[in-house]
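Chemist: I would like the entire structure built from these sequences, with the hints used as guidance.
There are 2 protein chains.
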Amino acid sequence: MKCSQLLGKRYKEVPSDTKLKSHELLIRGGYIRPVFSGVFSCLLPARKVLQKIEEIIREEMNAIGGQEVEMPLVQPKELWEESGRYQGIERELVRLKDRNAHDMVLAMTHEEAAVALARTEATTYKDYPFMIYQFAKKFRDEARPRGGLIRVREFTMKDAYSFHRTVEDLENYYGQCARAYGRIYARVGVPEVLAIQGDNGIMGGKVSHEYMLLSPCGEDTIIICPHCGYQANKEVASSDCIPKHDRENEMPLEKVHTPGVKTIQEVARFLNVPMTQVAKTVLYRSVGEEKLVVVMIRGDLEVNESKLAKVLKAIPEFAGDAEITAAGSVPGFSSAYGLDNVRIIADKSLEKEKNLVTGANEQDYHLKNFNFSREMPGTIFQDIANVQEGDLCPVCHQPLTLNRGIEVGNIFQLGDKYTRPMQMRYMDEQNQEQTPIMGCYGIGIGRLMASVIEAKHDDKGPIWPVSIAPWPVSIITLCPKNGGDEVNKCSGELYQKLQENHVDVLWDDRVATPGEKFADNDLLGIPLQLVLSERNLEKGQVEWKERGTGQKGFVPVDQVIPFVQNWLEAENTKLLKGAETVKVPPKEEYTH
Amino acid sequence: MKCSQLLGKRYKEVPSDTKLKSHELLIRGGYIRPVFSGVFSCLLPARKVLQKIEEIIREEMNAIGGQEVEMPLVQPKELWEESGRYQGIERELVRLKDRNAHDMVLAMTHEEAAVALARTEATTYKDYPFMIYQFAKKFRDEARPRGGLIRVREFTMKDAYSFHRTVEDLENYYGQCARAYGRIYARVGVPEVLAIQGDNGIMGGKVSHEYMLLSPCGEDTIIICPHCGYQANKEVASSDCIPKHDRENEMPLEKVHTPGVKTIQEVARFLNVPMTQVAKTVLYRSVGEEKLVVVMIRGDLEVNESKLAKVLKAIPEFAGDAEITAAGSVPGFSSAYGLDNVRIIADKSLEKEKNLVTGANEQDYHLKNFNFSREMPGTIFQDIANVQEGDLCPVCHQPLTLNRGIEVGNIFQLGDKYTRPMQMRYMDEQNQEQTPIMGCYGIGIGRLMASVIEAKHDDKGPIWPVSIAPWPVSIITLCPKNGGDEVNKCSGELYQKLQENHVDVLWDDRVATPGEKFADNDLLGIPLQLVLSERNLEKGQVEWKERGTGQKGFVPVDQVIPFVQNWLEAENTKLLKGAETVKVPPKEEYTH
Numbered sequence: 001m002k003c004s005q006l007l008g009k010r011y012k013e014v015p016s017d018t019k020l021k022s023h024e025l026l027i028r029g030g031y032i033r034p035v036f037s038g039v040f041s042c043l044l045p046a047r048k049v050l051q052k053i054e055e056i057i058r059e060e061m062n063a064i065g066g067q068e069v070e071m072p073l074v075q076p077k078e079l080w081e082e083s084g085r086y087q088g089i090e091r092e093l094v095r096l097k098d099r100n101a102h103d104m105v106l107a108m109t110h111e112e113a114a115v116a117l118a119r120t121e122a123t124t125y126k127d128y129p130f131m132i133y134q135f136a137k138k139f140r141d142e143a144r145p146r147g148g149l150i151r152v153r154e155f156t157m158k159d160a161y162s163f164h165r166t167v168e169d170l171e172n173y174y175g176q177c178a179r180a181y182g183r184i185y186a187r188v189g190v191p192e193v194l195a196i197q198g199d200n201g202i203m204g205g206k207v208s209h210e211y212m213l214l215s216p217c218g219e220d221t222i223i224i225c226p227h228c229g230y231q232a233n234k235e236v237a238s239s240d241c242i243p244k245h246d247r248e249n250e251m252p253l254e255k256v257h258t259p260g261v262k263t264i265q266e267v268a269r270f271l272n273v274p275m276t277q278v279a280k281t282v283l284y285r286s287v288g289e290e291k292l293v294v295v296m297i298r299g300d301l302e303v304n305e306s307k308l309a310k311v312l313k314a315i316p317e318f319a320g321d322a323e324i325t326a327a328g329s330v331p332g333f334s335s336a337y338g339l340d341n342v343r344i345i346a347d348k349s350l351e352k353e354k355n356l357v358t359g360a361n362e363q364d365y366h367l368k369n370f371n372f373s374r375e376m377p378g379t380i381f382q383d384i385a386n387v388q389e390g391d392l393c394p395v396c397h398q399p400l401t402l403n404r405g406i407e408v409g410n411i412f413q414l415g416d417k418y419t420r421p422m423q424m425r426y427m428d429e430q431n432q433e434q435t436p437i438m439g440c441y442g443i444g445i446g447r448l449m450a451s452v453i454e455a456k457h458d459d460k461g462p463i464w465p466v467s468i469a470p471w472p473v474s475i476i477t478l479c480p481k482n483g484g485d486e487v488n489k490c491s492g493e494l495y496q497k498l499q500e501n502h503v504d505v506l507w508d509d510r511v512a513t514p515g516e517k518f519a520d521n522d523l524l525g526i527p528l529q530l531v532l533s534e535r536n537l538e539k540g541q542v543e544w545k546e547r548g549t550g551q552k553g554f555v556p557v558d559q560v561i562p563f564v565q566n567w568l569e570a571e572n573t574k575l576l577k578g579a580e581t582v583k584v585p586p587k588e589e590y591t592h
Numbered sequence: 001m002k003c004s005q006l007l008g009k010r011y012k013e014v015p016s017d018t019k020l021k022s023h024e025l026l027i028r029g030g031y032i033r034p035v036f037s038g039v040f041s042c043l044l045p046a047r048k049v050l051q052k053i054e055e056i057i058r059e060e061m062n063a064i065g066g067q068e069v070e071m072p073l074v075q076p077k078e079l080w081e082e083s084g085r086y087q088g089i090e091r092e093l094v095r096l097k098d099r100n101a102h103d104m105v106l107a108m109t110h111e112e113a114a115v116a117l118a119r120t121e122a123t124t125y126k127d128y129p130f131m132i133y134q135f136a137k138k139f140r141d142e143a144r145p146r147g148g149l150i151r152v153r154e155f156t157m158k159d160a161y162s163f164h165r166t167v168e169d170l171e172n173y174y175g176q177c178a179r180a181y182g183r184i185y186a187r188v189g190v191p192e193v194l195a196i197q198g199d200n201g202i203m204g205g206k207v208s209h210e211y212m213l214l215s216p217c218g219e220d221t222i223i224i225c226p227h228c229g230y231q232a233n234k235e236v237a238s239s240d241c242i243p244k245h246d247r248e249n250e251m252p253l254e255k256v257h258t259p260g261v262k263t264i265q266e267v268a269r270f271l272n273v274p275m276t277q278v279a280k281t282v283l284y285r286s287v288g289e290e291k292l293v294v295v296m297i298r299g300d301l302e303v304n305e306s307k308l309a310k311v312l313k314a315i316p317e318f319a320g321d322a323e324i325t326a327a328g329s330v331p332g333f334s335s336a337y338g339l340d341n342v343r344i345i346a347d348k349s350l351e352k353e354k355n356l357v358t359g360a361n362e363q364d365y366h367l368k369n370f371n372f373s374r375e376m377p378g379t380i381f382q383d384i385a386n387v388q389e390g391d392l393c394p395v396c397h398q399p400l401t402l403n404r405g406i407e408v409g410n411i412f413q414l415g416d417k418y419t420r421p422m423q424m425r426y427m428d429e430q431n432q433e434q435t436p437i438m439g440c441y442g443i444g445i446g447r448l449m450a451s452v453i454e455a456k457h458d459d460k461g462p463i464w465p466v467s468i469a470p471w472p473v474s475i476i477t478l479c480p481k482n483g484g485d486e487v488n489k490c491s492g493e494l495y496q497k498l499q500e501n502h503v504d505v506l507w508d509d510r511v512a513t514p515g516e517k518f519a520d521n522d523l524l525g526i527p528l529q530l531v532l533s534e535r536n537l538e539k540g541q542v543e544w545k546e547r548g549t550g551q552k553g554f555v556p557v558d559q560v561i562p563f564v565q566n567w568l569e570a571e572n573t574k575l576l577k578g579a580e581t582v583k584v585p586p587k588e589e590y591t592h
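Those protein sequence lines, which keep their order, are chains P and W. Residue numbers for the first sequence follow my numbering, beginning at 1 and rising by one. Residue numbers for the second sequence follow my numbering, beginning at 1 and rising by one.
A few of these clues could be false.
Identical copies carry no separate label here, and so any pair may be met within one copy or between two of them.
Unchecked claim - With a straight-line Cα cutoff of 27 angstroms, these simulated DSS-like cross-link-like pairs (lysine-lysine) come out:
hint, residue 1, residue 2
1, K456, K545
2, K97, K456
3, K574, K456
4, K291, K262
5, K97, K138
6, K552, K489
7, K517, K539
These are computed hints drawn from the structure, not numbers from a lab.
Modeler: This is how it looks when you write it as structure tokens:
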């Protein structure tokens, strides 16, 4: 490709509306352009990177027996009613009507379509196991698209679905898939991606892992123990809870006047106790539950609503003031103590604390010296708190760290969540009908590209690994203002030769200053840059520069082709070697 | 790929709802499955064929300087308002609202998105010309999806958009693109595809070609002169009109009583004249035109509404009885003669006819001996008739043939149809603002796959050209009922070796009868089939069979790899040679 023909402006200025580095560089480098909120077009450099990522994923999916298929984006609502998700998912799932007023949806994922495709084909035990996958457009009507390609509405995803007869077989395949995922991240240049035990959602009981690239701009929080290696998503992480006030003697319960004192901080200051000695009360309503849910937790901690949802088996929502009053309490002065006809959930952080302060369910009054063992004996304590930085590791009791991460993939053991309601069946060896079980495995292609930039860039642009660079090599022709015929001719010959040797090369043949050319080649993140100038050619040399290391050197003109080939092979070999040694989640994390 | 692991049932029975051979075979061969009306999923064999077609198209698009991009399916309505198509296209364009109640559409084509992407990037004359293309999902809410993949609602299309400064440059690129298209069809195995001058639509003045595969199941009609090679779509084809009654003497005009006689046939029979001597009258209304449009044409001919639309510069619709009456005529007894305040359009077929019969605009009366030159002097005659089988070629005056065809691609010179309303501009050498012009070039991938089947199949299944076969080679292992270890072992080794030599091979390793295996390999259309049986292996031989020719032979076991390699190379060379000699439309067909 000649740079003079490449569509897409590149520029130095940082666009005003880009907060993430990947977003900034994808715009500045002429990779993507916004079409609408969360919807982008890609120019050639991005398309080439995406294609290379896709090809790596395709190879790894084929290597574990995957069969590439294609399922539609526009689907009839009946498919989503079968699985129960038509009602279950709200505004993220776009609904539309076709010309016959038939209700359709834009698929945001393809479990339903995969089951519908497979259930007519895999009807006997001989057909199992198998895995199908596709690279397909999805549409998710995100409330807050952001960060360029990190969170978009329309995107291409590799989604894979495996079908099995036994849990053991699913678990075994899940392990193979986890290894393939590790290889994919290593091959695209981010071997540091972590497999984190995921939130199993309100369905419970299922195993999942999220692949996380640690990055300050990530939306997810990951708890890591630097000491023992414990790692988990915030939604499922637990920490060792050390009581702060368990050695005090129980004092007599006392009602105190606390006029207008509502927040935990105000209460602690007013009554001169640490926040850890205040029992915070949060009131929720929960779908399908008539009683109000009264949650109590240590004053310095936050309720983790994912954990709470798992306890409730439903998604909690904050109760309104009227509901709180109707339950016999007073907003700002609540506690579970003395309330009838509510569901009480206490966090384990409170289990051993003594002499707590909590609401008196009366305007402007709190209780002092509240003790669960005395006031509310029989309370069951559960883990519903957010882990905080410095909390102790549940495994080795060393301090935990909180880290931000971008989710660049996930793998799930779905069990029969879709196959059972959608009545997928096969005949076993005894001619008995059985329901198969399923796993699913996703990678967002555009997000992965952007994440690689987050991980690999400098101020000048992305630093693409050779495996996914839009062009692995560029020729930068530096012409003097007048003339340069010889440099141009020599560049053209080299361009030709590299192409003949199957090297995909970008030739910067433009009439532009050296500064512009270097800046653009760096914005395009070209791993190996060959600089041709009059001065060097007079010495029979071509200068080379590594984008990643900044290392430079010279190579004789007649040695350029083998030099480039060797360099590319060495870089590719490094990436492939990395893929041979990927860490996979330990087996106990994904077996029952 | 081992056949035992391949998802997708194959069967002999012809599905009841398939009328086209390609639809039947795609279902029977386990290639595609319906999801909803006009919406399909593809299994691995189809996905592999589609991928190979895509790769051939990609190579040819890159060879003419195309830059692959990616544009979104879900687009804001504003983009379509800019071009005027939001209102212009009715139910085929699916509309939806996002979560913020913003109006969006599912793109059925990407001219708007292409202009929106290019207009910010190509702002000076130096940026021109360029071509961008993509393989992208489209959704068209067709009224009558049919024929499997021939007419669907959701489909993948290669759509390309070129941008130019001058008409000459566009025409020149159009020619290059026409050659690339010819090469694509040759390489996928249908070199017989014809480039037919297309209907330029109601926009007028633009050049286009439709690529047609002649097939009895096609939806399009193509007029071909077997003598001189004249060929054109029915929408634009003309024929030489030979007057039938031009030598008669003009007789006096006469009003005759024709009670209840309304149709042309009835009139001709009642008055004992040939249908060619009846002037048929058809009444239309036309959008944006107040006057009724009265069309007159020879009684044996049909009005071609595409041609009429071009004359009217609007789409005609049949007038209702009330409108006809209001215009002073009588349904069934109409003619233009004597009507005021109507727009009269007469077909050239009537220009020289004498003593015609036509309506008297009076209940139960017709006119005899109507002569345009006498009754309606000054009438302008235009070509608005359908060409009929046997009409004479407008070039060489030999009889024309009517043929059915499937449109497998099209190329258009769009001019400034999109760039002007969407205000795309660039600065020329004199620093003057200019509007670029555009061409667009489409190929539906799934339809092309189905069309290849229509062209290349027998009763047993598709006969895939080696370039796009799901697998170019298969190993068919025939095991005796008991045993067969040696045959299996030998097959496994051959399978391994072929893969090591980069031959994508399907190994039919199933426990199945030879009949089932041969049937399935034929349904999968595998071009070269290697049969391994105990008897042949004892002789040190492998049997080979060509799917296309039915030719068979034997090759020594140790010669199989070079035999297969040579065979594949020879087949591929044939296809590539075909691509070197493609016919392209003559230059006068696409220059102004």
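Chemist: With reference to the structure, classify each hint as holding or not holding.
Modeler: Status of the hints after comparison with the structure:
1. Taking the shortest alpha-carbon separations for K456 and K545, only the intra-copy value of 17 angstroms comes in at or below 27 angstroms, while the best inter-copy value is 52 angstroms.
2. For the homomeric pair K97 and K456, neither the shortest alpha-carbon distance inside one copy (44 angstroms) nor that between copies (38 angstroms) is at most 27 angstroms.
3. In this homomeric assembly, K574 and K456 come within 27 angstroms of each other (Cα to Cα) only inside a single copy, at 16 angstroms, whereas the closest approach across copies is 46 angstroms.
4. For a Cα distance limit of 27 angstroms, the shortest separation of K291 from K262 inside one copy, 24 angstroms, qualifies, whereas the shortest one across copies, 79 angstroms, does not.
5. In this assembly of identical chains, the alpha carbons of K97 and K138 lie at most 27 angstroms apart whether taken from the same copy (18 angstroms) or from different copies (16 angstroms).
6. For a Cα distance limit of 27 angstroms, the shortest separation of K552 from K489 inside one copy, 23 angstroms, qualifies, whereas the shortest one across copies, 54 angstroms, does not.
7. Proximity of K517 and K539 under a CA criterion of 27 angstroms is satisfied intra-copy only: 22 angstroms inside one chain copy versus 66 angstroms between copies.
Hint violations for this structure: number 2 only, all remaining hints satisfied.
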